[in-house]
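Chemist: Below are the chains, spelled out letter by letter.
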Amino acid sequence: MNFLHILLFPLLITFILPIFRARIATALSTISFLIPAFVSLYLLLTAHRGEELLMNLPAPIGDFYLLYDPISHAFGFTISLVSAMVALYSLPYMKHRFEEMGAKEGEFRKYWFLYNLYAVSMLWLVYSGNLLLLYIFLEISLLASFMLIYLYGYGNRQWVGILYFVWTHIAGVLALTGFLIVAFANQTLALNELKVIGFIPWLLIFLGMVVKLPGLGPHIWLPWAHAEAPTPVSALLSPLTVGLAGYVLLRIYLIDSSFIVQFREIIIFYAIISSIYAGLSVFKQRDYKRLLAYSTVSQMGYVLIAICLGSYGLIGLVIQYMSHAFGKAILFMTAGAIIATFHGLRNLDKMKGMHEFVPTISNAALLGFMTLSGIITIGMFAEFFILLGLTQIYGFNLQIISLVVLVFIISGLYSFYTMKEIYYGTPMAYEKPKFSRLLDLPLYAIALFSVAFIFPPLAPALLDGIKLALGGVMP
Amino acid sequence: MIDFPLNEATLIATLLLAPIISSLPVAFAWLMEPKREWTRNLPIIAVFGLFISLICSLYILFNFGKLEEAVKIPFDWLPGYNISFVFIFDYLSKIMGVLTAFIAFLIGVYGLEYMKHDYRLGWYWFFFNLFTASMLLVVYSDNLLMLLIGWEGLGLASWGLIGHWFRDDDDMSFVGNVGRKIAGINYFWSPSLGAWRAISTIRIGDMPMFFAIAAIFFFAGTLNISEIHWHELAEKLGAFGIFLILFAFLLGPFTKSAQLPFSEWLMTAMTGPTTVSALLHSATMVAAGTYIFMRLSWYVEPWNIHNAGVESIYVLVLFLGLVSAFYGASVALGCLERKVLLAASTMSSLGLMFATASASKWVGEFALMVAFWYLVTHAFAKATLFLVAGHLIHETHDRFCVGGKDLAKHLRLAFLATIIATLCLSGIPPLTAYWVKSAMDEVEHSLEHEFGLIPLMLLVLTSAIYSAFLAKFLSLNFLKGDYKLKAHGGGRLMSFAYIVMGSMLILLLAIYLIDHEFHEFVEEGFLTSSLTVGLVVLTTYLIGLAKPRLESPIGKALGDRLYLAFLNDYLVPKLGWALAKLVDYGNRAIDFFCHRAIPDSFNFASKSIRKVQSGSVERYLKISVAVILLLLVVAVALGVIV
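Protein sequences, first through last, are from chains L and H.
Just so you know, we're using my numbering here: the first sequence kicks off at 345 and counts up by one.
Just so you know, we're using my numbering here: the second sequence kicks off at 68 and counts up by one.
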């Protein structure tokens, strides 16, 4: 049995999920992601690399194949772990959501199909060895997540859904145009045969990914989409989907780094400004989910900073994706847990001293924020490698150093500011609720990995693996 | 080779994990609903874990060669990057480890009684023990990245403990007079605010420190403090480079050790339980900052490096330390809150440690020894005073310095412990701190060639004030304060803890006098100049004892910490909020432009175009004719040109 079968498993499950009742479907969906999670973790630990041909296609498309290397496995593990945990969490949450919407239990059939399709397309995306294949999965994930927002979102969900659709398709079309130019220039889109990415396609792909990531300016779609999506979907959108733009940039960079190297100064300044800007925006948000969405924008600034910082930066990028995914998944789920147990409570003005009522959620939020700010969690390595790359590329350039340090400081500040605003202070008049264990245990499972990844055996396996995938030698 | 009866890995794992694991039973039991009475006994296990750590640290002290010998124990971490977990057992860490574990254990015992009826035992013991374990990790680590794990652990645990009473519903846990306002700003702080101030200040120092660690790794190729060739590094990077790296690195210790202008958080950290303050102020957290500076200097050997960058750093630390020490002492003199007074005094002591340790640049290793032993002396004395303060707060239900002779009679042991601790800490001959302070005088005196007498003057002045407010603390709490006694029972365990802690000062005195290693301290102590300083200190002590209260506007301003709180509560937040507001407007503008203006203009355009589509044939004909005519005109025009 090879890894293809492991990847096919959740895909097949997707199509049979609607047959089952909600509980069984939850279990199946969780298992279908846990298996790839553990297998990819095992492959990560053994520094597995390889390729698996799916089909030969004529020029200018080139071979469709699956690409296995520690980078893919790191992303794949993150995606499948988070998807599995969010799947568990979906059951109590969506039950609440359907009740709130006046929908029947049967709605779960639609939900599980879309959820699994969404998650599995992201999983396949990071193993795609062909840019067209990658684009196809990108598109599927966008459609599935659009449907989920459109059907089950909050607020003016149709409007938000269309907004999300339009923005992500601007990103998609830009990237696709870039891919097509690459295809005609190289007569292939297979990653292992691509040699050159010209300036124009690089620019198009870069712009597309900046919209998706998002950078300052286009970032305006993200708070809408991530705040108004049903929380399990937010918990995939924000941690997993947007960061995949970083993954695409990384893959393109590994083929041809000319664009980034040439425009390094502009890109890094843009990234820093966008991160600081979004970090400051967090302080003004009074909606828990919107607040987290802005923090995502700030964290994605890290990704864009990292890609400018040479090979150390690239290591930082991969770890930043993982750390942000772990942290933000936990945090969105804490927001959702409060929404589900306090009947739609998400306004910070009505939350004070929530630790009193939901201590387990509060502790999970602490772990989430620790991951974001790199305190005794995998986030620490992300910051470490970004700072290493910074030293390598910029030496003692005071301006850039102090700005990047400021970015990190702001992340820590808004994290603990939010902790204080939501969980500390004199408690408001609420009752201590009873809620399903599925609303808090999955959060701790993710947090466990977040902490475990700074210690052996996970840390050396991950870091050595990424180094291997990047070409082995550190300059 | 030394033969270890205990496997090193097991030893270190036990040392670090015993506190954490032993706190888990109470941490988990406390999450159960409804709470059961028996869970209140579980903290005993947590304290037992601290005891195991103490045993391990003692084992390390005695079994890894001579005291001066440095033993390094590496474990694989990231072999591909040449980063390993490296534990180092050398002079500093062996002693500091025992000090930390011992003080943590005693405070743990004290906490069994002090925190008995608390509403959040699981949280308290988990973070208390995490605090200890983090500090032990910091103490024993040679690798900077590993040190950072402990360092962040300290910050996190202090956040958790300072904000322990997160409900903000008990005036007893506040700092400042509740309800007081100065210039529109609340001049009192709740636990949740105290926690936020602590973690936000620390974050500002930690990130530059993290950058420095990354930069050191990049340029030196290793993260092990003892293996970095500092001399070569300084030459390679030049004056500016090494200055930048060391400065960024030291911002971490400066914020953790509450040097100016980062001192405010330490004062409001008093919103936590007293046990936490005691631990935070003696052997963990704030001590970590100075300890790291000493450890760094120990291996940097600045006295061997002639580099303008390194020199500027040591000058900076020297004066920052002295000024902070002076500021802290003055503030403590004006302070009337028991714990805040002690907090300010800690800041002052930390300043002295920094200043003395930085003098090593000119004086050599001896200065580090003096700074380190001052840290040890201070740790025991300050822990004793805090534990007494905690007991007093329990007894009197008052955060401010109140209590008369009947209280002294009622709490004889507390009275005794306070006398011992204040006398021993202020540097009155021939008690414990006197010998260390004498050596310190000598160290600062030998800087005369570089900086004149300013360092020495500042030190003497600080010492004089220091002893005065310690006497004030004693006097206001036990002799001349106004307080009517309400009898309370219990407190045995608490008294036990601070009496043992206080008696360590006597033990330390004996060591200073007997052990040959400290003969220089003793020799300095017999110099006339040292004796003079000692007499000055004694005089101020007596004055403080006789007249603990003196109404004056200066005193009031000092008690308000010279309004430095405005930096944390007004200036920085004001700036931050202004920026946040600015970006918020930016977001609204972008949002309006993308999601309102563009769609609306499309709507408008489509409506205008649709207007044309009216259905009347005549109108369509007109338009067609117009277009054809226009095309003809264009064609003719083009023809003419051609």
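Keep in mind that the hints were calculated from the coordinates and are not lab data.
None of the values given here were measured: they were computed from a predicted structure.
We put the beta carbon where it would ideally sit given N, CA and C, even for glycine.
Watch out, some of these pointers could steer you wrong.
With a Cα cut of at most 25 Å, we get these calculated SDA-like pairs of lysine to any residue [claimed, not checked]:
hint, chain 1, residue 1, chain 2, residue 2
1, H, 102, L, 630
2, L, 628, H, 634
3, H, 614, H, 625
4, L, 628, H, 637
5, H, 641, L, 774
6, H, 248, H, 624
7, L, 628, H, 650
Residues from chain H that face chain L, not an exhaustive set, calculated with beta carbons under 10 Å [unchecked claim]:
hint, residue
8, 140
9, 143
10, 185
11, 189
12, 212
13, 222
14, 280
15, 307
16, 429
17, 433
18, 634
19, 637
20, 641
21, 643
22, 647
23, 650
Under 10 Å between C-beta atoms, here's a sample of chain L residues computed to sit facing chain H [stated by the list, open to error]:
hint, residue
24, 629
25, 688
26, 691
27, 692
28, 704
29, 710
30, 719
31, 720
32, 724
Chemist: Against this structure, judge whether each hint is valid.
Modeler: Checked hints:
no.: 1; hint: H:102 / L:630; verdict: violated (34 Å)
no.: 2; hint: L:628 / H:634; verdict: holds (21 Å)
no.: 3; hint: H:614 / H:625; verdict: holds (17 Å)
no.: 4; hint: L:628 / H:637; verdict: holds (17 Å)
no.: 5; hint: H:641 / L:774; verdict: violated (32 Å)
no.: 6; hint: H:248 / H:624; verdict: holds (14 Å)
no.: 7; hint: L:628 / H:650; verdict: holds (9 Å)
no.: 8; hint: 140; verdict: violated (15 Å)
no.: 9; hint: 143; verdict: holds (6 Å)
no.: 10; hint: 185; verdict: violated (14 Å)
no.: 11; hint: 189; verdict: holds (9 Å)
no.: 12; hint: 212; verdict: holds (7 Å)
no.: 13; hint: 222; verdict: holds (7 Å)
no.: 14; hint: 280; verdict: holds (8 Å)
no.: 15; hint: 307; verdict: holds (7 Å)
no.: 16; hint: 429; verdict: violated (27 Å)
no.: 17; hint: 433; verdict: violated (34 Å)
no.: 18; hint: 634; verdict: violated (15 Å)
no.: 19; hint: 637; verdict: violated (16 Å)
no.: 20; hint: 641; verdict: violated (13 Å)
no.: 21; hint: 643; verdict: holds (7 Å)
no.: 22; hint: 647; verdict: holds (4 Å)
no.: 23; hint: 650; verdict: holds (5 Å)
no.: 24; hint: 629; verdict: holds (9 Å)
no.: 25; hint: 688; verdict: violated (23 Å)
no.: 26; hint: 691; verdict: violated (17 Å)
no.: 27; hint: 692; verdict: violated (14 Å)
no.: 28; hint: 704; verdict: holds (7 Å)
no.: 29; hint: 710; verdict: holds (8 Å)
no.: 30; hint: 719; verdict: holds (4 Å)
no.: 31; hint: 720; verdict: holds (5 Å)
no.: 32; hint: 724; verdict: holds (7 Å)
In this structure, the earlier hints numbered 1, 5, 8, 10, 16, 17, 18, 19, 20, 25, 26 and 27 are contradicted, and the remaining ones agree with it.
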